[in-house]
Every structure is written in C-alpha cells, then in structure tokens.
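A.B. asks: So the protein sequences, as listed, match chains A and B.
Following numbering that gives the first Met the number 0, the numbering of the first sequence begins with 0 at its first residue and continues without gaps.
Following numbering that gives the first Met the number 0, the numbering of the second sequence begins with 0 at its first residue and continues without gaps.
Please note that the accuracy of each hint is not assured.
To be clear about the criterion: a stretch of chain B counts as covered by chain A if any three or more of its residues have a C-beta under 8 Å from a C-beta of chain A, and this derived list gives those stretches [to be verified]:
#: 1; stretch: 21–31
#: 2; stretch: 59–73
If you want the ones that stay clear, here's a sample from chain B, every Cβ over 10 Å from chain A, calculated [said to hold, decoys possible]:
#: 3; residue: A7
#: 4; residue: K54
#: 5; residue: F55
#: 6; residue: Q87
#: 7; residue: E137
#: 8; residue: F233
#: 9; residue: L261
#: 10; residue: H285
Since the hints were made in silico from the structure, they are not lab data.
For glycine and all other residues, C-beta sits at the position ideal for the given N, C-alpha and C.
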Amino acid sequence: MPPKNSEKERVELLQGTLDMLILRTLLWGPTHGHGIAKAIEGASRDVLKIEHGSLYPALQRLQQEGWITAAWKASPNNRRARYYSLTAAGRRQLHAETSRWDRLARAIAHILRPAEGNP
Amino acid sequence: MSLQRSLAKLRGFFGWGGMDEDLAEEVRAHLEMEERENREAGMSADEAHFAALRKFGNVARAEEDSREAWSWTWLETLLQDVRYGLRQLRRNPGFTIVAVLTLALGIGANTAIFSVVNTTLLRPLPYKNPDALVWATERMAFMPGVAMVNGPDFMAWKNRNRVFQQIGAFNAGVGANLTGTGQPIRVQVTNVTSDFFSMLGIAPIAGRDFIPAEGKQGQEHVALISEKLWRERFGGNPAMEGKPIDLDGTPYTVVGVMPGGLRYPEADVWTPIALDAADFSPHASHWQILTVIGRLRAGATVRQAQSDLEVAARQMDREYPPQA
C-alpha cells in the first residue's frame, strides 16, 4: 500500500536526501551497496542510521536517472558484488543538490536562530 | 517517460535482462558482508546473521521497491490480482456458473434490445430530410384495425392540400410472372406514384426514375427493377434504359434500377400508378389500397397536415356525398 500524503512527502524528502548522500559517497570512488551504507554511517559518526535495505531502491533510481552506473566486480573477499560509480551527470546532480541543501539549511537556520536585531 | 525508460520497463516486466536475479544476488552479497563484519566484531554466527538482517530491514520490501524502477509494478499487481480472482472462481464452480449465466443473460438481453432500438429508433431513416416525411391514412369506422387510403381520397388530398410539398402513394405488392428475359420467374410488383422515389430522395443506380408523364394511362408500362433483379437477370448491364420485359404477358420497358436495400416499398419491380385511371376518379367503383406518404412543406407541422387533410376530406364529402 503506497504511503499516504504527508507520509509520502516525508518519504520524498528522505529520498532526495538519501540520493544526495549516496552520490556524495561515490565521489570518493566506486563501491558496492554495503560499502555505501557503511560509509554513510561512518561519515555521519553514526548519527545517521539508515536501513541498509532502503539503499537499493535508491540505487535503482539513481541508475535510471543516469547519475550512477553499475558493474559486477570481485570484492576484496573474492565475493562477486555490484560496484557503483558516479557519472559526469551524477557529479553535476550532486553539485546542484548540495547547493540546494546548503540554501535550505541556511534558510532554516535563519528562521530558527534569527540574527541579532531581526524580529 | 522517455522511450529508453519505457523500453527498460518492458524488459523488466517480462523478466528479460535478469534484473530480479541480479538484485537477489546483490542483496545476498550485502548481507554476507555485514555478517562477516559482525563475526569479526565478536558476535556468534547466529547473532551475526540476525544482526545483519535487522540492519538491512525488510528484504522483501527492498526488493519490491527496487523493482519499481525497472517494471510496471502496478500492472504486475493487477495481473496478480486477476490471477487470484480466476483461481477463486475455479474453486467455486457453482458460484462461477451462476455469475457467468447472469452476465450472459444480461449482456444478451441488452444487446438484443439495443439492436432493435438502434434500427427502429436511433438510426435515421435513409431518406432525404426524413423529418419532413409523414404517413397519412384513413380509417374506417366499421373496420377500425385497417389503415389504407382509396383512390379518390388520395386524389383529394393530392389536389386540395396546402401543407405538402409532395405527396405520393404505393399499392400493395402483387406477384407477377416476369418473362422475356431468360427463364420466367415470379416477381413482386409494387405500383408507386411517379414521383414517389424522388420525394423520398432515392435515386436510381442505373437508368432513370419515372417521369410525371408516365403516371398517366397508356404511359404507365414502364418499370423500375431492383438491384438484385438487375444483377441476377441482367448481369448488372449498365444500359438498362429501354430494355423490354413482360409482366404477366404485358410488355413493359425498363427505365432504371433502384438500389438494393430499398425496403419501402420492397419489391422486385416497380411500375407507376396511372392517376387518371377510373379508380382514382371521385366515382371510382373499385377500392385501391394505397399507402400514402407525404413530404411536408418547410415549416409545416404534422398537426397542420392533420387538419388540412380533414378539411380536404370534408370538402370531398360535400361535393360528392356518399351514395346510400
């Protein structure tokens, strides 16, 4: 059953954010799904805990948009895994999303903590 | 949605490209890696396994959601539901039979009724300006079920009316022997007034229609034949005008061919009615049995036509009082 409206909005916000985090992680170099999950958790100092499973729909979507590509490779443990890498378009998208996120964060910060002298 | 995306979805929908298997393997690899890390961190094999699963979340959900990217999941869901429905129907044959019969009955009845209504009410009559056509008849007090018009009354209507642009009539058909071309056959002959077909707006497909002069005694031995007769007897010969035929021994000349599908009045051969014959004079001794169709003038209503014809009838009564 698809989530209802406000739930949907919440999910969509999270989707966009998750997309951005995945793209950012891949900026460091190609890696597989598990690696991405660990990277996000690690880089956020474990503040961000995501369900590993939720990465996979996101990865599919990013592939569809053409921002990442996938290839089967052997992992260090000689286990076959799917490695994702950033495309040029993905790089551009990451840049755009990061700017948007910064603007959003600054706007919210302004509201929450107005500068001195502002009502 | 771009063409590429749609094609990708098509592949995924049919399972070409092995996307499902790939994803399953990818998920397995992910879980294995997590398990390894958990074991290295000191968990027992079982603990590692379940911790990995918990971290992953709902595996089935992840796979389902991923599928949305490469297939039309709504369609898949729909097909699943349809298959489920069919399975249920198979398991309840009694109910299924009743449901199917009810539907069949309903659909059948509906179709039948619609066919009738369509041909009789909904489809427009195949005549020129059919709304202006009316059927006029007399009824006799002593024979209420019968509707027909006799010769003199038709002439009265024809000559005295003010509402009709044209008025015509035809006689009930009789059988006649057609000879003079190949094997003699029996045909249906109907007599029509010379301008009847032009009033309805039906043009012949070969030759010509009757001319008014042919609606007179001595000139009425001309005939229009039906398309069916034309094709069967005359091989669709386009030069029909002037062909001689014999009806019950009387020679007639074919002047034209009427289109197939002409149902009113239906016949194989039509001949003109001679309106100056004795049967149409006011003192006619024989009764004609005519069906009268008229085309109203522009702007005339049926009610006007009704009163107009009544006036004509009353005039007739006055001028030619019925003999006791």
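A.B. asks: Taking the hints in turn, state whether each one holds.
C.D. replies: Results of checking the hints against the structure:
| no. | hint | in the structure |
| --- | --- | --- |
| 1 | 21–31 | holds (count 8) |
| 2 | 59–73 | holds (count 8) |
| 3 | A7 | violated (7 Å) |
| 4 | K54 | violated (5 Å) |
| 5 | F55 | violated (4 Å) |
| 6 | Q87 | holds (21 Å) |
| 7 | E137 | holds (74 Å) |
| 8 | F233 | holds (71 Å) |
| 9 | L261 | holds (62 Å) |
| 10 | H285 | holds (85 Å) |
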